[in-house]
Amino acid sequence: MGRLIVHRVAMSIPLLLIVSLIIFGLEAVVPGDAASTILGQNATPESLAALRVQLGLNDPWIVRYGHWLGGALHADLGTSIISGVDVTSSLNSRLAVTLSLLVPTMLLSAVAGIALGFASAVRGGILGRFIDVVSLFGFAVPSFWIALILVTFFAVHLNLLPATGYQDFATSPTGWLKSIILPVLALSLQGITSVAKQTRDTVMEVLETDYVKFLRANGVSERSVRYRHVLRNAAIPVVTSLGLVSVGMLSGAVFIENVFVLPGLGSLATQATLDHDVPVILGVGVFFTLCVIAINLVIDFAYGLLNPKVRVS
Amino acid sequence: MKAATTAGEAAELTVSDLVVDYPIGWRRHRRAVDGVSLSVPAGRAVGLVGESGSGKSSLAKAVLGMAPLSAGRIAYGTTVLNDLRGAARPQDIQVVFQDPYSSLDPTKTIGYTLQEPLRAHSARTGRSLSRAEREESVRAMLAKVGLPAETAGRYPSQFSGGQRQRISIARALILQPRLLICDEAVSALDLSIQAQILNLLLELQAELGLSLLFITHDLSVVNHIAEDLVVLFRGRVMETGSAELVYRQPQHPYTRQLVMSAPTQDLEAQRARRERREALALPPARPAPLGEACPFAHRCAFAVERCRNERPLLRDAPLGGQVACHRADELPPWSEEHTQPREASGSPA
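Heads up: the protein sequence lines correspond to chains A and B, in order. Count along the first sequence starting at 1, add 180, and that's the number in the working numbering. Count along the second sequence starting at 1, add 1, and that's the number in the working numbering.
Next comes chain A alone, as it looks inside the complex (with noise of 0.2 angstroms):
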């Protein structure tokens, strides 16, 4: 296990580079800059030239990246252009707001897509064709529309939730309940049903092999078989799904922000973007790599301990 994990932290340095160097050549690419942004639409040309000296953003692309990674091998994310403030410092103020989204949605979309796949495999009948539809809708159907489907239903009709902003866990348990709710069940519907597919249809495999067969023919508890055989087997391609999933869940989150107004790196990230904040972007970036690494090192563990072909070799 501890030689996977040094593998991994040294093939996150190449990643590491190449995301931050799409970022930068993006960004790069894209017209406009900081300095328009700073001085708004009235700006006369020798402000704007004044100002670009002054950001360094005349400097060849590849002196301001050398100058970015220079920092950041020493752990200094630079300073947002537009606000001053210090990359790492902003990263945290909004690290909360993000977890509070995806934590609760890979748990529910984990818990409830397993638990529904296992019932309609085993149950069969309208359930399971049920979420067979219902999956395929999930697939199709942007986590950002059912959020607006969501708030004119739970918020502007019933009035039962708010629409947008997000309240601290730490000033108001409920009002951080409530604030999340919406925006976590807007980015669970794709998790759940796809990872509900996953385990249905792998458990339907499992249920035909012959050692379920050999098992219910020799009068092994309908449990035992269950929990012990089916699902135990049925686990391992499940996760894999719900590393996929969780990592999709990344992205989902920058537009469940932007729609729900909440404070994270998602919303961090968009705002950044249109601003030409580009030390902001590339902490935002790197910080989601550095996510989707970790995520898929506890997909990677996890499968270790399900399989035993893995563990043995």
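Treat the hints as calculated values from the structure; they're not laboratory data. Some hints could be false.
Listed next, the in silico DSS-like pairs over lysine-lysine satisfying Cα-Cα at most 30 angstroms (straight line) [unchecked claim]:
| hint | chain 1 | residue 1 | chain 2 | residue 2 |
| --- | --- | --- | --- | --- |
| 1 | A | 489 | A | 393 |
| 2 | B | 145 | A | 393 |
| 3 | B | 109 | A | 393 |
| 4 | A | 489 | B | 145 |
| 5 | A | 489 | B | 109 |
| 6 | B | 109 | B | 145 |
Dock chain B against the given chain A, drawing on the hints supplied.
Just chain B, lined up with the frame of chain A:
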């Protein structure tokens, strides 16, 4: 070996007029087994032969309580098995499946897999076995099938197909059954491994006095192991009799075709067989719907009008055994050299 469980008295398995229908879509069924009767007397090895789709595996599933029965009766001794499921079933009947890869849970050690029937049996009978007793049983059973004791601590992925099939046999035998159903148990294995597993089954049968119901599509395999043969085609019994008789003197045109289609080691004989088979072959025809016809009529060089209108019933065959063929008495005597239809038999339509 210490008796872990009380072995039941050996009894005869009798299947009478069994019909198995599988649902295919809304209110439609496919008949897999159509009125089959057979018996496996205590201690005897019976082979069930047929091509794929002949209903042989459905029959095995029905005996194991895994197939929907539309009609008929399955009994083991005096116990009627028709509606018994799971824990209610007598553990005297055990099974070895075809696929050595799907028949063992890949996430459990071999020891766990082998102990599981013992644990379920303890739960059922209330006679609990200590951990040491269970482990001893597992060790003894592994030794019986020719595997070292360390096998117990390993996972299925560490074993080859033949080794896995040995493990499957050990698992089937650990409750000391009286009847072992082998559903294509060697079909997935290499020829040399097939021979090892067949010999193992024969040794175990002799040592433990097992009854065997050996299901296969391969006549040469079944001839090696079975004393009696039942030949199945499209869910019906075509011919039964002692293995020696059915193999050496097949009396049903279908059985003859089956014997001729089995490869032999002698290349000359193989070519002669192929030529004779081709001489007898009919142009491909759509199988008539089952019902009041011989299921083999569309492929039979000896078929006459009656074969297409009247279902042949099993009756005593001229040379012994039973055969379901209207023309069994008129067929030319079987020999590898002489299998042409007689001039008088009328040309098939």
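Consistency of the hints with the structure:
1. For the given pair, residue 489 of chain A sits about 23 angstroms from residue 393 of chain A by alpha-carbon distance, which is consistent with the 30 angstroms threshold.
2. Pair hint residue 145 of chain B plus residue 393 of chain A holds up; C-alpha atoms about 24 angstroms apart against a cutoff of 30 angstroms.
3. For the hint pairing residue 109 of chain B with residue 393 of chain A, the CA-to-CA distance comes to about 16 angstroms; that is within 30 angstroms, so the pair holds.
4. A threshold of 30 angstroms between alpha carbons decides the hint, and for residue 489 of chain A with residue 145 of chain B the separation of about 27 angstroms falls inside it, so the pair holds.
5. About 11 angstroms separates the Cα atoms of residue 489 of chain A and residue 109 of chain B, which keeps this hinted pair within 30 angstroms; it holds.
6. Between the alpha carbons of residue 109 of chain B and residue 145 of chain B the distance comes to roughly 21 angstroms, so the proposed pair stays at or under 30 angstroms and holds.
In summary, the structure agrees with every hint in the numbered list given earlier.
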